[in-house]
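For reference, the chains in residue letters:
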Amino acid sequence: MSSAETIDGIPQRLGAQNLSAGSVALTLRVNDAVHAVQFDIRSTLLDVLRERLGLTGAKKGCNHGQCGACTVHVDGRSTLSCLMLAVQAVGKHVTTIEGLAAPNATLHPVQQAFLDQDALQCGYCTPGQIMSADACIREGQATSAEQIREYMSGNICRCGAYPGIVAAIEQAVGKM
Amino acid sequence: MIDPGIGADTQRIDGIDKVTGRARYTADFGSPVMAHAMLVPSAIAKGRVVKIDTDAAECIAGVLLILTHETMEPLQPVRFYMAGGHAFQSLQPLQSDRIAYRGQTIAMIIAETLEAANEAAGKITTEYETDPFDVDFDANSFKSISQAEAIGLPIVADKVIGKADEILKTAEVVVDAEYRTPAHHHNPMELLATVAEWLGESLIVRESTQNAEGVRNGLAIQLGLDLDKVRVISPLIGGGFGQKAALGPHTAMAAVAARRLGRPVKLVIPRGQIFHAASFRAATRQRVRIGANRDGQMIAAIHEVVQQTSRHDLMPGLGTDITSRSYGIPNFRGDERLVKLDTQTPGFMRAPFEMASSFAFESAVDELAYALDQDPVDLRVRNDTQIDPISGKPFSSRDLVACLQQGAERFGWKLRSPEPRSMRAPDGSFIGMGVAIGSYKANTAPTFVRMRLTAEGSVTVSVAGHEMGQGLSTAITQAVADRLGVDLLSVTVLIGDTIAPPQHVTAGSWGTTTAVPAAYQTADNIRRSLVDLAVKARGGPLFGRNSDDLTLIDSAIVAPGGLRETIGDLLRRAERPFLESEGAFLAPGQSEQALERARQGLTAFHGPVYADFVSYSYAAHFVEVHVQPRTRRIRVARTVSAVDCGRVINPRTARSQVIGGMVWGIGAALRELSEVDTRYGGFLNTDIAEYAVPVNADVPKIDVLFIDKPDSKINVLGAKGLGEVAMVGAAAAIANAVHHATGRRMRRLPIRIDDLISGDPEKGTS
Amino acid sequence: MQPFRYLKPTSIADALAAMPTSGSRARQVLAGGTTLIDLMKLNVMQPDVLIDIDGLAELTGIDISGDREMSFGALARMSDVANDAVILSRYPVLSEALLKAASSQLRNVATLGGNIMQRSRCAYFRGDAYPCNKKNPGSGCAAIEGLNRGHAVLGGSEACISAFPGDLAIALVALDAQVDVQSLRTHRTMLMADLHRLPGGRPDIETELAPDELITRIRIPHSELGKASAYHKVRDRESFAFALASAAVALKLDGPRVLDARIVLGGVATKPWRSRAAEENLIDQFLTEDSARKVGQIAMQGAQARRHNVFKIELGAETVAEALMIAGKRA
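Residue numbers (our numbering), protein chains in the order written: chain H, 1 to 176; chain Z, 1 to 766; chain D, 1 to 331.
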């Protein structure tokens, strides 16, 4: 949700949050900000990020853990936010694509590398790819193209930008 | 001499937004007062809903509305887009109790939250009356009807040149084989999504679509609204591939719900449901006969294609459009037939017919090469033609031979020993090398352009188009920025929003050829106006100069020797806050009626046969596979694709398109299959794990080269289409490589381990 | 997803007190959630109560330093165990099984205890409105006459032919692992090989666990067979897919001569399929391409193919053979 008054010339209606039976009020730590959120106990972390906190970078691609478009970091580890109940994330530190780059707003080396290597096309899987790519490098799993391909296979790209993604990770390794 | 911006390796203008998560797709929009929708699919394959019980669902807290065929208002019908309409199929669910296919929507739940909507969807109980149904393509492909007779339009007429049946009998060598391809689903990463909102009497819809104008016009018809009361917004989608090329049945439902509730409604269709909520690529069975003389000259060919369609619409097949022209075969008969089955209507899916028809035909050409004991590259070069066999007109540009030769060189085709099973890798795998060609029509659609250059040096351009990762907005920006001498960041591209000029569907690889030359020419108009002003309006430094000597660079008009006037100074001096140009652009030789069709959201593309020429893009794909001797696991080790798409506007985005096309080729050849259990109807593997699209580990080094020679006839930039030719022929190249590795000719896709293991005659021959 | 009550016990005792007493699946343990949340979204599982045991300290430990055995808490993350350097070098079958089991994101969240409890990937089980004895006992099995390319050729019954989809469990059986389970009533150990049941007439009952029992630990006795071991997985794509056929093998070799062997199959059977006949046939033989293939064929003996999965018989044999050759090089 945007805090702007109009988008594309369309006035945005602001108002009270919607709740449902079985809602809980909990605190989530996302990108170094603490949020008090109310949500249905059944809500996934993905849906809370997108529908309650306005962090729409993580995408719903399949909702069943099969595509990786919803990848975020939980306590520094790449995680599928669509298969995690939001309540499971309480007490943990969640990082989304919006929080990956340093606060001074320059691009993270992986983001820059994705641009340089044209490691994207439609861009829908890109936030998830970048979160996984960052983890790949940090975990020391980017020592060869073959290893990168294997590690990154949990992030599907239907546009087929895989070779660019591998090249981007190879480029970023040197810069992290 | 073309501007340096055309052909420049420009970074995507939406790249930063995409890598930071700031880029927004339809489902990323919303508001706290928005309601959430969920569809309920039919559990039976055919029949009717006798009773649909929504009581339990209505009791769930947060449920606001349930639309069923009993509670949904009647909509005006919208026709099938291939029959002069706007919708992906003519059947609109919830308008009667009739079920035509498994997975057809029988209800839409709207609730305060997604969770409540989901919960309620699980609480709908339905009583059905079932009818017998048929979804078995293999069993029914013999009961096909002639497409030419059934539809009757010239565009779907069978291709006939010379006397193929007669001449075939005289050929010294004949290949005669049958090939099969299964149904496929697009599975773009972005789920179909709609956000519908009413502002007074006006409807605003964000829709994940490649066809904002079609959706707009279709909705206006369905809801009985004036066109100016409907706006559809879709500037960026997460992959289209044809799935989003026409109006879907869900959009009107969301609009109706939003109207009833007086609140915006968001629908995101779960991936599993999308397998039945939109179109798919039809399964085919094909027979290819090619006759040649011993010297390798092809003298006759017959290509018969049978493919599936729905009961309610006739989706034509156009695969023989390319095979009749792939080579200079003087006698050709194409025969397209349709089988009606109880499914939703199949439609366009990246190279909708060409993927399958090229697989069949290019496999047959490979078989012919072996029968003739000739090299598959040489055979193709030998049979090339510069004249379209169907119309007799010249091709506007055809560098297929260059593709074959340069591709072969880059690939190292000379290293190939032709005997199957003759090449081994160090790990014991059998190496196979295969080649195949692809072609795809270079169509153009009509577009309107509106462009404005302000004194501050910023440019806005609205044109028909939808960005789906092909880099359209970037190409438009390049063309415009360079023509006007402004910075890329000064250009704002408005596409995919019907508030701009009519947004003709972006599909059929015509997006760039339609929008970019038109934007370029419009920018050129403004440029000439600027230069004109500079030399004619007294008081400026360039007054009286020769227009032809002036260039635009760094937001200024510059004369040789360095004398310059900035755009800002010039416009302020002339008391013009901005300069504008507007225009309508047609395909070469296209009638003005096309503009009206575009306004009405109807398809109005033109080509590939133009008045004086025929225009296609071409590719030659070379593939190396390794087949593991024990488990028969097939790995694609490396590929080279050489492409003639006329002038390349942006080498990096073009390269990415071709890489994507090869990945799709790997998917079609070795992975993808939409499974049909004929006892139940519908598709069985309705998720992105069981519908196996390629993963990163499946994809090797993909090498791409472009001939990059401008086409002199098709448009001012000489650019032809690319998005689909990138994959046409790729599956055949892989299949041919598998044959080279194993000695087994695989005539049914996908080629998987079980096909190589079994001696099952259904699945390929030894 | 249907509503549920969410419990977060802070001790094992509290967790055990919350466990169900009937086999109705109305109460479910939530560990990583990658199976449970997935199936709840499909309405295949509709628990009334979720017992979130994530973070229970007693269940998270990984201890590979013991003399006799390695010990893993049920909540040990797959990625933590997979990436352990000692395990990678001394028990490659275990590392490989974990690394090939799922994507990196899933491995970060999924637990060992949860992974060995993962459920069927059969499309009729996961889908809506198909006859499925596993989901709805007595309703029939759509796979037997249906699209059964991915289904089992070993251990099936006329009620169910769903292939066991896991990888870790296959390796654990090959390593003679033991599973500790606890309830308020009991504290017992069973062999990993005995955890899963054949479908028989009750495919809805998948393990030997009582409804109130919680897996607490998985223990792997140290073994000389660990080093020359391999987990080989053949699937429809190079990664991120379930097995068409897989084999966990572990060997004790003296030169080319096999002194002891474990051969366990995955992807082709309804539960992890140890073939003692194949093992016995290999012992005292030289490990060669021929003996490996022959042993692979013995491992697949008794296979009953359905219409679309005949190939699994040969593929299973070749997968075993290939696994043996890979393992043999690691002696």
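Hints listed in this document are in silico derivations from the structure and should not be mistaken for laboratory results. Where hints are given, some of them may not hold.
[Unchecked claim] Distance condition first, Cα-Cα at most 25 Å in a straight line; then the derived DSS-like pairs of lysine-lysine:
id, chain 1, residue 1, chain 2, residue 2
1, Z, 701, Z, 414
2, H, 92, D, 252
3, Z, 123, D, 41
4, D, 135, D, 252
5, Z, 123, H, 175
6, D, 41, H, 92
Owing to the predicted nature of the structure, the values given are computational and were not obtained by experimental measurement.
Verification of the supplied hints:
{"no.": "1", "hint": "701(Z) with 414(Z)", "in the structure": "holds, 19 Å"}
{"no.": "2", "hint": "92(H) with 252(D)", "in the structure": "violated, 44 Å"}
{"no.": "3", "hint": "123(Z) with 41(D)", "in the structure": "holds, 14 Å"}
{"no.": "4", "hint": "135(D) with 252(D)", "in the structure": "violated, 42 Å"}
{"no.": "5", "hint": "123(Z) with 175(H)", "in the structure": "violated, 53 Å"}
{"no.": "6", "hint": "41(D) with 92(H)", "in the structure": "holds, 23 Å"}
Of the numbered hints stated above, those contradicted by the structure are hints 2, 4, 5, listed in ascending order.
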